[in-house]
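Visitor: This is what each chain is made of:
There are 2 protein chains.
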Amino acid sequence: MTKTKAEEMAALQQEISISEFFTKNRHLLGFDNPRKALLMAVKEGVDNSLDACQDAEILPEIYVEIKKIKEDRYSLVVEDNGPGIVKEQIPRIFGKLLYGSKFHRLRQSMGQQGIGISAAALYGQLTTGKNFHVISKIGKNRPAYYYELHIDTKLNEPKIVTEKEVPYMKDQGTRLEFEMEAKYQKGKQSADEYLKEIALSNPHAKITFKDPEGTVITFPRAVNTLPKEAKEIKPHPYGIELGMLISMLHSTTAKSLSTFLQQDFSRVSASIAQQICDKAEINMHSRPNTIVRNQAEKLYEAIQQTKIMSPPTNCLVPIGAEALEKGMRKEIDAEFYATVSRPPSVYRGNPFSIEVGIAYGGSIDPEGSVQVIRFANRVPLLYQQGAGAIQKAIIETAWKNYNISQSKGSLPQGPILIIVSMVSVWVPFTSEAKEAIASYDEIIKEMKLALQEAGRKLSTYIRKTVKAREQREKINLFEKYIPEVAEGLSMISSAKKTDIEGYLTKFLKKNIGELIKGLEDNDNKEKE
Amino acid sequence: MTKTKAEEMAALQQEISISEFFTKNRHLLGFDNPRKALLMAVKEGVDNSLDACQDAEILPEIYVEIKKIKEDRYSLVVEDNGPGIVKEQIPRIFGKLLYGSKFHRLRQSMGQQGIGISAAALYGQLTTGKNFHVISKIGKNRPAYYYELHIDTKLNEPKIVTEKEVPYMKDQGTRLEFEMEAKYQKGKQSADEYLKEIALSNPHAKITFKDPEGTVITFPRAVNTLPKEAKEIKPHPYGIELGMLISMLHSTTAKSLSTFLQQDFSRVSASIAQQICDKAEINMHSRPNTIVRNQAEKLYEAIQQTKIMSPPTNCLVPIGAEALEKGMRKEIDAEFYATVSRPPSVYRGNPFSIEVGIAYGGSIDPEGSVQVIRFANRVPLLYQQGAGAIQKAIIETAWKNYNISQSKGSLPQGPILIIVSMVSVWVPFTSEAKEAIASYDEIIKEMKLALQEAGRKLSTYIRKTVKAREQREKINLFEKYIPEVAEGLSMISSAKKTDIEGYLTKFLKKNIGELIKGLEDNDNKEKE
Chain F
376 MTKTKAEEMA ALQQEISISE FFTKNRHLLG FDNPRKALLM AVKEGVDNSL
426 DACQDAEILP EIYVEIKKIK EDRYSLVVED NGPGIVKEQI PRIFGKLLYG
476 SKFHRLRQSM GQQGIGISAA ALYGQLTTGK NFHVISKIGK NRPAYYYELH
526 IDTKLNEPKI VTEKEVPYMK DQGTRLEFEM EAKYQKGKQS ADEYLKEIAL
576 SNPHAKITFK DPEGTVITFP RAVNTLPKEA KEIKPHPYGI ELGMLISMLH
626 STTAKSLSTF LQQDFSRVSA SIAQQICDKA EINMHSRPNT IVRNQAEKLY
676 EAIQQTKIMS PPTNCLVPIG AEALEKGMRK EIDAEFYATV SRPPSVYRGN
726 PFSIEVGIAY GGSIDPEGSV QVIRFANRVP LLYQQGAGAI QKAIIETAWK
776 NYNISQSKGS LPQGPILIIV SMVSVWVPFT SEAKEAIASY DEIIKEMKLA
826 LQEAGRKLST YIRKTVKARE QREKINLFEK YIPEVAEGLS MISSAKKTDI
876 EGYLTKFLKK NIGELIKGLE DNDNKEKE
Chain B
376 MTKTKAEEMA ALQQEISISE FFTKNRHLLG FDNPRKALLM AVKEGVDNSL
426 DACQDAEILP EIYVEIKKIK EDRYSLVVED NGPGIVKEQI PRIFGKLLYG
476 SKFHRLRQSM GQQGIGISAA ALYGQLTTGK NFHVISKIGK NRPAYYYELH
526 IDTKLNEPKI VTEKEVPYMK DQGTRLEFEM EAKYQKGKQS ADEYLKEIAL
576 SNPHAKITFK DPEGTVITFP RAVNTLPKEA KEIKPHPYGI ELGMLISMLH
626 STTAKSLSTF LQQDFSRVSA SIAQQICDKA EINMHSRPNT IVRNQAEKLY
676 EAIQQTKIMS PPTNCLVPIG AEALEKGMRK EIDAEFYATV SRPPSVYRGN
726 PFSIEVGIAY GGSIDPEGSV QVIRFANRVP LLYQQGAGAI QKAIIETAWK
776 NYNISQSKGS LPQGPILIIV SMVSVWVPFT SEAKEAIASY DEIIKEMKLA
826 LQEAGRKLST YIRKTVKARE QREKINLFEK YIPEVAEGLS MISSAKKTDI
876 EGYLTKFLKK NIGELIKGLE DNDNKEKE
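As you go down the protein sequences, you meet chains F and B in turn.
Note that the first sequence covers residues 376 to 903 in this note's numbering.
Note that the second sequence covers residues 376 to 903 in this note's numbering.
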């Protein structure tokens, strides 16, 4: 028999390792270009250090250094006073994508995917061929270990090149260093901007930064207390999909369905568990792993029909309206400020909370669209502003109601700066690079409510002060022509120039509203 | 010794399977909500069928059916006359993420990641707990096989639930069927819209669609020839990073450096290979796997310094300016049309080509921002318009130069529809859901060149017809007030009303330009 096309093609079908996938798709991780790559590497290192310190309840002291190796080649050092990493885990934490402690826990943290720092290591290796270096020490009387690591991209596994005990002067902490193709440049979307913003949203951290010219910038600690601990929570029954429920039924340690519901979910009491079992017509003492698909579906429906309290929200640590306004007043020169902090809400069973800040006038660029600053779990988002929930929520808010000009489907216009911050036990990002928040309806709704409230506050201010000024300026424009017209008309008539001027001024005052409206309508009609 | 924090945390550190990762991040794959999920599932099924037919040089006949199972639960059938899939490969093609034939080949195709259809299967399983069903037959005298598959998300491996030979009346092809939580709704961003647009960009395909009400829509074949075959190419030396070069040196079958360069890359002749080796000061007969990192870096630099011809572009199959304009005239009611087809260019060693279409006036919505239609390798992109290269290129084009109004940082405004299409051997998408194209500088540059050319064509049209009409309308507005002013003034003077009207009309004509400019300046100043 001759080979069919399908048989020819079968030879080409093969597995793709996650490292190979991200090597080819490194922009998905944010490593699009050398300048952004440097920012991402700094970000992944610093976010990890902050999370580790938070876990261990340590006030963070983080040292970041960017050294120039040659044109387009830099080395990055990130060192912290965190709890360190046990010897056995070091290779996989830094040399394997999709590995870590945060993915399987529902808790507010900066990292959540187990990709970030190993992706930075992968990028360094891809662009320089060089290995990744780590030293970590987990306590005063413990040895410090040094590792030189290489990622085997075909297998997505770390290869240990060197492994040894080294002297390390600090009691505990982690220091990493690696080279990469990069471009160092200050300004917007730079490592500098990132460090400045992260210091703003983490005033309990001390961050020292040595740039390639050797200049040392210190962001001192502004408060000496750790943020409230972010509690880990169990999934809420409303946020679980049928397929997930089935797989949880198979992997639970609970011996009965009732125990399973109470132990593996949040907000399920014994009586709620019973209600659910009754509605599903399943014995509450059944062993979870004997529940078949049809029963699981009934269970799933019963959950949806049972009134269950919203998930606990003490797992959230928002910035706070007051702290946000303080920060804005410190950093942004404007005429008017307002902040809004929404009560916690829930999407797919995950608690989250939205805060909005708005600033108007002053030295905010009046040209074109409003400026937007975005935070997710206190991490500044510097890229992909056009994508995701925040942009969508701003565009879908009817800013015209608040006396702010806006074209359909666009950001509003004017000297306005908008800050939107989301905190959650699981922020749904639109990409692995975590640059924008996915557009879940519940999230957009909360954002819009916060934006509307901020908009109303701004509107009151604008109505009182700005509109009056605008009206005045429009009248002035027409008035400018009155003397010339009056002069001309007085020459072809017997009337005095001053009388004509008086008439025209009165006419203008009477009709200015209609005239301006006519002009505006006309402008709108032109677009049709 | 007491346990350190690091030791406590070590217990939590673990591997995350790619299936678990995408289960929690299913919006990354486009499965954000039930309506979009249905569209994505249809898209993945149809794209795969079109690619398979193209591979096997078969004119595609595709059958799509969406059946309503109950509220928010639908079943999808996609059946094609493609080459089929060999028995052994079926489970992994549909039941394992990151598996396929397209990822490792540089060739223009709709799919490229080895994720799409298995992601749809994973979503179906996650939301319904039900299995995925496939029948495939690879030739006339071959048996057809039926598989019922379940994805083990912890391992990212297919579990075969049922496997058997079945009767199948067609000579060859693949039929898949699975249930999912979904919402069926016609209109924008629907499965219907997707099928309509894909039929437009693939006029050689016959697609039959049966919707949940049982209505059958047929998109007949418009041409009876297959598109030109998209050739597979080797990577271009300029597009290879140092780390990739090192790993290619280790895995090549070539016995000498010179052969390696000629055999594993495109556009490297024997003499170019020699030039590269000479510049790098490495013997061209060296065995590739003996090249150490430092030498590889020299080799890499030598490649950058050697003039190498651009990659071949016969691997690209663009839509074509003429076909694009025909399509636009058929589908869009406008006053004016223009299309631009750019010559192929290269980003990171990958050939690509940009085409732009622009339509103006007619029944295009004149309110707000322009409308944008996007294609990547002939696949319509219906989501994430705000993200990625196309939006960025449109925003960064100075539309005011073409008499089109635009605020800084926003889409231009007006009754305009813009189509941007990119084809490439590797489209860099911003997410696994393949909804937007990543913003590589080279890609944006080409898009802007195409948009500028289209803009110039439109500008010529607008200058001639539209601006004259606008000016006229503005004059009319002021003229409306002349009789009333003249009436009033003639009463307080001896001049005749007609004389005053004459004077005012003359004055208006003389000053209208300045007056309108004054008003516009004033509008702009208000924004400051």
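Check each hint, because a few of them may be wrong.
Note that the list lumps identical chains together, so a pair holds whenever it fits in one copy or between two copies.
Claimed, not checked - Subject to a maximum C-alpha distance of 16 Å in a straight line, what follows is the list of computed EDC-like cross-link-like pairs (lysine to aspartate or glutamate):
1. Lys539 with Glu523
2. Lys630 with Asp586
3. Lys380 with Asp546
4. Lys442 with Glu588
5. Lys545 with Asp740
6. Lys380 with Glu463
7. Lys701 with Glu383
8. Lys885 with Glu859
9. Lys585 with Asp546
10. Lys839 with Asp567
11. Lys442 with Glu552
12. Lys581 with Glu556
Keep in mind the hints are simulated off the structure, nothing from the lab.
Visitor: Next step is simple, just say for each hint if it's right about the structure.
Guide: A quick look at each hint next to the structure:
{"no.": "1", "hint": "Lys539 with Glu523", "in the structure": "within (9 Å within a copy, 51 Å between copies)"}
{"no.": "2", "hint": "Lys630 with Asp586", "in the structure": "neither (57 Å within a copy, 45 Å between copies)"}
{"no.": "3", "hint": "Lys380 with Asp546", "in the structure": "between (64 Å within a copy, 13 Å between copies)"}
{"no.": "4", "hint": "Lys442 with Glu588", "in the structure": "within (8 Å within a copy, 65 Å between copies)"}
{"no.": "5", "hint": "Lys545 with Asp740", "in the structure": "neither (46 Å within a copy, 65 Å between copies)"}
{"no.": "6", "hint": "Lys380 with Glu463", "in the structure": "between (48 Å within a copy, 15 Å between copies)"}
{"no.": "7", "hint": "Lys701 with Glu383", "in the structure": "neither (66 Å within a copy, 37 Å between copies)"}
{"no.": "8", "hint": "Lys885 with Glu859", "in the structure": "between (20 Å within a copy, 13 Å between copies)"}
{"no.": "9", "hint": "Lys585 with Asp546", "in the structure": "neither (23 Å within a copy, 68 Å between copies)"}
{"no.": "10", "hint": "Lys839 with Asp567", "in the structure": "neither (39 Å within a copy, 49 Å between copies)"}
{"no.": "11", "hint": "Lys442 with Glu552", "in the structure": "within (10 Å within a copy, 56 Å between copies)"}
{"no.": "12", "hint": "Lys581 with Glu556", "in the structure": "neither (28 Å within a copy, 48 Å between copies)"}
Taken one by one, the earlier hints fail for this structure at numbers 2, 5, 7, 9, 10 and 12, listed in ascending order.
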